[in-house]
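Chain by chain, the residues run as shown.
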Amino acid sequence: MTRTLWLGLLLVALIAAPLAIYPVLLMSILCFVIFASSFNLLLGYAGLLCFGHAMFFGTAAYVAGYLLKTYGVSVEVALIAGTLLSAAMGYVVGIISVRRSGIQFAMITLAISQFVYFLLLQAEFTGGEDGMQRIPRSTLFGIFDVSDHMAFYYVTLTVAVLAVAFFYRVVHSPFGEILRAIRDNEPRVESLGFRPERYKILAMTLSAGLAGLAGALKAMVFQFATLTDVSWPISAEVILMTLLGGLGTLTGPMLGAGIVILMNDELAQFGEWALIAQGVILLLVIIFFRRGVVGELSALWRRLRPSPDQNQDRG
Amino acid sequence: MFDGISTQLLFGQVLIGLINGSFYAMLSLGLAIIFGLMSVVNFAHGAQYMLGAFIAWGLLNYLGVPYWGALFIAPVVVGAFGLVMERLILRPIQNLDHLYSLLATFAAVLIIEGLVRQEFGSTGLPYNSPLPGGVNLGFMFMPWYRLWVVVFSIVVCFGTYILIEHTKLGAYLRAANERPEIVESFGINVPRMISLTYAFGVGLAGLGGVLAAPIYQVSPSMGSNLMIVIFAVVVIGGMGSILGAILTGYLIGIVEGLTKVFYPEAANLVIFVIMIFALILRPNGLFSGKEGYK
Chain G
1 MTRTLWLGLL LVALIAAPLA IYPVLLMSIL CFVIFASSFN LLLGYAGLLC FGHAMFFGTA
61 AYVAGYLLKT YGVSVEVALI AGTLLSAAMG YVVGIISVRR SGIQFAMITL AISQFVYFLL
121 LQAEFTGGED GMQRIPRSTL FGIFDVSDHM AFYYVTLTVA VLAVAFFYRV VHSPFGEILR
181 AIRDNEPRVE SLGFRPERYK ILAMTLSAGL AGLAGALKAM VFQFATLTDV SWPISAEVIL
241 MTLLGGLGTL TGPMLGAGIV ILMNDELAQF GEWALIAQGV ILLLVIIFFR RGVVGELSAL
301 WRRLRPSPDQ NQDRG
Chain C
316 MFDGISTQLL FGQVLIGLIN GSFYAMLSLG LAIIFGLMSV VNFAHGAQYM LGAFIAWGLL
376 NYLGVPYWGA LFIAPVVVGA FGLVMERLIL RPIQNLDHLY SLLATFAAVL IIEGLVRQEF
436 GSTGLPYNSP LPGGVNLGFM FMPWYRLWVV VFSIVVCFGT YILIEHTKLG AYLRAANERP
496 EIVESFGINV PRMISLTYAF GVGLAGLGGV LAAPIYQVSP SMGSNLMIVI FAVVVIGGMG
556 SILGAILTGY LIGIVEGLTK VFYPEAANLV IFVIMIFALI LRPNGLFSGK EGYK
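Heads up: the sequence lines are chains G and C, in that order.
Here the working numbering is used: the first residue of the first sequence is 1, the next is one more, and so on.
Here the working numbering is used: the first residue of the second sequence is 316, the next is one more, and so on.
The set of hints was computed from the structure by calculation and includes no laboratory data.
Quantities reported herein were computed from a predicted structural model and do not represent experimental measurements.
Yeah, the Cβ is synthetic: ideal placement off N, Cα and C, and Gly gets one too.
Just so you know, not all the hints are guaranteed correct.
[Said to hold, decoys possible] To give an idea of the interface, some chain G residues facing chain C are shown, with a C-beta separation under 10 Å as derived from the structure:
1) Gly47
2) Gln104
3) Ala106
4) Met107
5) Leu110
6) Ser113
7) Val116
8) Gln122
9) Glu272
10) Leu284
11) Val285
[Claimed, not checked] For the chain G half of the interface with chain C, some residues (derived, Cβ under 8 Å), not all of them:
12) Ile96
13) Gly102
14) Ile112
15) Gln114
16) Phe115
17) Ile276
18) Gln278
19) Val280
20) Leu282
21) Ile286
22) Ile287
Using the sequences and the hints, build the whole thing.
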């Protein structure tokens, strides 16, 4: 009951937020909330460290931008196209990279994302080094004009809420249970008659699709798509968001997305220090606070308020 | 088939490929040694290579130490830096999932690269070749310095290979990876051996950086772009295989050079294409004899 109340309050706050805070900043946080959740699905629930997640994000941004610029498709078509294309890409990358597990999976996904980076650098439609500029925000469903920031904020919010609900459904489904089991003990899952590779590939597909949704949305929020969106610093940023917020917790990576975007916004004027700060925070989180903000807080909460189910450590 | 492609261009690109291959081989060798003993994928390898180049540059420009001095000093300094890194960030997490050590060394890249860029800016700094001039081989012009890099890297790579695969020290290293408790019972200080191995691998990266300084621009990002290629090389060769890392390094460099001659558009991509095919056709790596060594 209290949870519904909190969710309701959060929703009201999100609906009222653009009155107080610059909508583009809020929209950028929402895009990264989706992106971080997609990454969390892989690393937090399936134990797969994809070090090139930006390839799905950035490619979808280009595809959505291209469709909007060239064919003037409506907003939802661009979003769906970006999502589907990235999901297909995730499927292919999954097939190639699940052949090696653990740390090599990370190296392979990083290498494939660099491959995608060079492909997009050379492709004509992306505009190469200059990127794709002035992407129009067309109409929603072909009827509603959502070109101003306020209106588009509510489109973004709706998409983000739907994406988070989808993420919640996936991790709380039997499929999500199997992913967690694979993360904790893969040989056991295999001996039970499941084929871990298939589940990993499906997890890659779903996660890439969500990352693509975030990228397509981002292309419309900022109205440009550049090579930065596909580059490894973006992949690194989503790793930081997820670990900082709390790996494998539902809300942690979303909170992490908010913190990192706000931090980048604050530190943007200090040049390299934004990147250095990211490195320092990532290192501190890895060495001292591996549960992340949400994980540490809920552990603290459990310690302060002993409840009957305190022995259940994993939340 | 060779219409329009002069032998000059062909051999020139093969030479460039061999030079690049020398760096791929040296770096993936260091990575393979560290991985073999510690099961750590040292993401900071590229940043440590970059540090080697910057230290050589600094030695020359601030202290007047020439290239040949830097060739000895820089790897030692970078190796010592590796010792500190191992102590501060790798040892506290050595018993956790290896993904954490990958991420921790990656965080170190962000910090090291950021600090260097803050200090020196992103544009490359020039470093004059210590061996100007070259020799005309008839079919192509061979600069002395490039010849030196190729020969020296081959000596270093195969020297290290012999040290690890064919000496008692190397046997200890390999044994410490598989059964540290037994090696310790022989009175060998395994943690110290791990530290020194990490320092050695990192020192190799620093040495690569000094070698690279006169060829490439000395710039903060020279390591991170190379790092991703090195990862692909290591994946192709099979993780933990030292000879595999060396041979794949040279091979990939030459293939990349040839691609520049015959199909320049794909030169950036060819390494990754090879990696994808290698993963599909030889999932355990080209040179991996041992099954499940990870």
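Going down the list of hints, with the structure as the test:
The closest approach between the C-beta of G/Gly47 and any C-beta of chain C is roughly 8 Å, which is under the 10 Å cut-off, so the hint is satisfied. For G/Gln104, the interface hint holds, the least distance from its beta-carbon to any beta-carbon of chain C being 6 Å, beneath 10 Å. This hint holds: G/Ala106 has a C-beta 6 Å from the nearest C-beta of chain C, less than the 10 Å allowed. Checking G/Met107 against chain C by beta carbon gives a least distance of about 4 Å; that is within 10 Å, so the hint holds.
A least Cβ separation of about 6 Å between G/Leu110 and chain C falls short of the 10 Å threshold, and the interface hint therefore holds. At about 8 Å, the closest approach between the beta carbon of G/Ser113 and any beta carbon in chain C falls short of 10 Å, and the interface hint on this residue holds. Interface restraint check for G/Val116: the shortest CB-CB distance to chain C comes to about 9 Å, inside 10 Å, so the restraint holds. Below 10 Å, beta-carbon pairs count as interface contacts, and G/Gln122 has one with chain C at about 6 Å; its hint therefore holds.
With 10 Å as the threshold, the beta carbon of G/Glu272 comes within range of chain C, its nearest partner Cβ sitting at about 4 Å, so the hint holds. Proximity of G/Leu284 to chain C holds as hinted, the smallest CB-CB distance being about 9 Å (cut-off 10 Å). Given the 10 Å rule on beta carbons, the hint for G/Val285 holds: about 9 Å separates it from the nearest Cβ of chain C. The restraint placing G/Ile96 at the interface with chain C holds, with a minimum CB-CB distance near 6 Å, inside the 8 Å limit.
For G/Gly102, the interface hint holds, since its Cβ comes within 8 Å of a Cβ in chain C; the closest pair sits about 6 Å apart. Checking G/Ile112 against chain C by beta carbon gives a least distance of about 7 Å; that is within 8 Å, so the hint holds. Interface hint at G/Gln114: satisfied, since its Cβ lies 5 Å from the closest Cβ of chain C, which is below the 8 Å cut-off. For G/Phe115, the interface hint holds, the least distance from its beta-carbon to any beta-carbon of chain C being 4 Å, beneath 8 Å.
Evaluation of the G/Ile276 hint against chain C yields a held restraint, the C-beta minimum of about 4 Å falling below 8 Å. Given hint, G/Gln278 at the interface with chain C, holds; its Cβ is 6 Å from that chain's nearest Cβ, closer than 8 Å. Proximity of G/Val280 to chain C holds as hinted, the smallest CB-CB distance being about 6 Å (cut-off 8 Å). Proximity of G/Leu282 to chain C holds as hinted, the smallest CB-CB distance being about 4 Å (cut-off 8 Å).
Look at G/Ile286: its Cβ gets to within about 5 Å of chain C, closer than 8 Å, so that hint holds up. With its C-beta approaching chain C no nearer than about 5 Å, G/Ile287 sits inside the 8 Å limit, and its interface hint holds.
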